[in-house]
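Trainee: These are the residues of each chain, in order.
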Amino acid sequence: MKLIISAQNSSLESQVDSRFGRSPWLLLFDTETSQWEAFQNPGVTQSGGAGVAAAQFVVDQDADVVISGDFGPNASRAFQASKTEMRLFIESTTTVQEAVDQYKNDQLSKFK
Amino acid sequence: MQIAVASGKGGTGKTTIATSLALSLASLAKVRYFDCDVEAPNGHLFLKPEFSESTPANIWIPQIQTEKCTACGRCVEVCQFHALAQVGKNILVFPQLCHGCGSCTWNCPENAIVEVPNPIGTLDRGMAMENVEFLRGQLTISEPMATPIIRRLKKLEQPSPDTIDIYDAPPGASCSVVETLRGVDFALLVTEPTPFGLHDLKQMLGILSDMNIPSGIVINRDGIGDDSLKDVLRESNIPILLRVPFDRALAENLATGRTLVEVYPNYRDILREVYQRITEIIGGKIQ
Amino acid sequence: MNAQNCRAKQLIILSGKGGTGKTSISAAFAHLNAVRINSHPMVFVDADVDAANLSLVLQPDNLHPKEFWGGSLAEIDPEKCINCGACSPVCRYDAIFPDPNNDQVQWVDPIACDGCAACVYACPVDAISMIRQQEGNWFQSKTSFGWLFHAELFPGRENSGKLVTLIKQQARLFAEDTQSQCVVIDGPPGIGCPVISACAGTDLGLLVTEPSLMGLHDLKRVLGTLRHFHVPAVICINKADIYPEGTKAIREFAAMEGIEVIGEIPYDEDIPRSMIEGKPFTLLFPDSSAGRAIQHVWEKTIRLLQLEEE
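Chains as they are written, first to last, in the working numbering: chain Y, 1 to 112; chain G, 1001 to 1287; chain V, 2001 to 2310.
Heads up, a few of these hints could be off.
[Claimed, not checked] Restricting the straight-line Cα-Cα distance to at most 35 Å, the calculated cross-link-like pairs of lysine-lysine (DSBU-like) are: (1) Y:Lys83 x V:Lys2009; (2) V:Lys2142 x G:Lys1230; (3) V:Lys2142 x G:Lys1202; (4) Y:Lys110 x Y:Lys83; (5) V:Lys2220 x G:Lys1202; (6) G:Lys1202 x G:Lys1155; (7) Y:Lys83 x G:Lys1089; (8) G:Lys1030 x V:Lys2220; (9) G:Lys1048 x G:Lys1030.
Since the hints were derived computationally from the structure, they do not count as laboratory data.
Let the hints inform the model, and build the full structure from the sequences given.
Mentor: Below, the structure written as structure tokens:
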């Protein structure tokens, strides 16, 4: 499963960031290989349409699941079309690694 | 003749002055009042027009014809505003991000995009008191972009040497104000003698200098503040064309929708003199 | 510390109509928070980026500008342009015409250009490029009443919404880092994109209105905006005694809509005077009728935001 998680920095120990379109980093994690990669969020530098830019990136990565604190209407529409699963952080989610583990334990709720 | 009434700071009295200016000049020429504050238009509360026509203000947004679309992604690539996204073989359109520029449509190699109207507001016309023609744009609540409506509003009428067009600008100093000011002969700046008024006025002077539009000042609520305005204006050579003293009784009347010239009819002559001075300033510029 | 609990509350102060007193009230709030018993830090944002006045009253020291790069504008290279005329018909903003200094080439008016790049793709000789623009500066400033995030958009620019989003985000991250209780956002007039950016994701909207036909008309519009973006709202009526019938009309409207009016502030000519002194009104005139009314609005607001100590 390919997961994408919005984060404040570029490692697995980084704090997660709750705003999908504007989080500085998007971390890609493959649960089968445990390989991961950090990407600067293309939404951050956009004048408008941050959610769309970030969502387009996620779709282009062929991610199965995207995990964040909230998804705006544009990003959620894009993910509904691409059938990318949207999941939300829970109260105790602090780092990217935690978000990965919580996803694996099915602790994260689905968006809307 | 095209005169914009602007300010920088909100609430200084643009609409108060613009509407009474329109009424005062109605005896000199055909006057058209354009309410360009499309986010929060107030001119109708003073001029009380009878509306005769309301048309949707549209921007043209892309509609993908799926039978022709090959999902090449060219439209997504050229869109500068992320109003298009590609999800597998589908192209999604995000209307609220779309600027209506048409670039995706021109660039589609399969001619698979047609443009359809997306209403973001209305354009309304009517007749107000004293034969003043009243035109306004109104942005639909939740739509972000005011500028396309202002552009369409101004294009409703061709400028003519026999008319006086008054453009009541929005507050602030960003793109919607610039759109209102484009092509006008003169900007009448309504300010108040406070640090806020002065600060925002300086932003306006910056714009007007870039756009090479002559201007003059109306100091409204004169007396509530201080004189620091005078020094700034002396340096920049912008004439003070009128001072309206702060007057609580006037404020109470304006709150009910009575116009300045209704409360103090002598302002008709005063505003006609302001217009006279504007024509002199512009005449001097052409020389 | 975790992602959800860290989140500071966000208050947005709007009006619809300009000049109703948002900034004077925001400045008073900054002062009242600073002198509160058990005061907790709050972060202030001036989201009226093209007419930013809050700093004139809160008087930050040491302004270090950070650049704001917004969108891009098209520029035609006169060396490459062959004057074929392919570009101007595709421009819907009337931004392309013969260069005033050289009518053998075309020129893009930067004031009119929308940044859509249609001309870039139309040009057969690649003579047009999109050039990123610095459109303003933003600041993270220390004031004697707390931290202020503010900005100055260069006159006439677009992307005010993006700049508002930027300073809000910076303020939010700073609030989380410093465990501040609340971010207070002094909003712009109107209902368009800078207002939408300012109110997005906020917890409470305080609508500052005035008792005139214009005030009520614009109040209705901005309330519609807050509702559309699911932000709960309350109203306070400034200059309430100028036109008592107007105040009554606002109260009737509010009652019909189920919106609470949390205070009425009488007109006070010392408010512009405090602007001139560059100090919050409640600092200079705490015992005036208007000062006490603002204090009351402040107390109700923090209660609504659930920021009270036990």
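Trainee: Each hint should be assessed against the structure and marked as holding or not.
Mentor: Each hint tested on the structure:
no.	hint	result
1	Y:Lys83 x V:Lys2009	33 Å, holds
2	V:Lys2142 x G:Lys1230	31 Å, holds
3	V:Lys2142 x G:Lys1202	24 Å, holds
4	Y:Lys110 x Y:Lys83	13 Å, holds
5	V:Lys2220 x G:Lys1202	31 Å, holds
6	G:Lys1202 x G:Lys1155	29 Å, holds
7	Y:Lys83 x G:Lys1089	13 Å, holds
8	G:Lys1030 x V:Lys2220	33 Å, holds
9	G:Lys1048 x G:Lys1030	18 Å, holds
Hint check: no violations occur; every hint is consistent with the structure.
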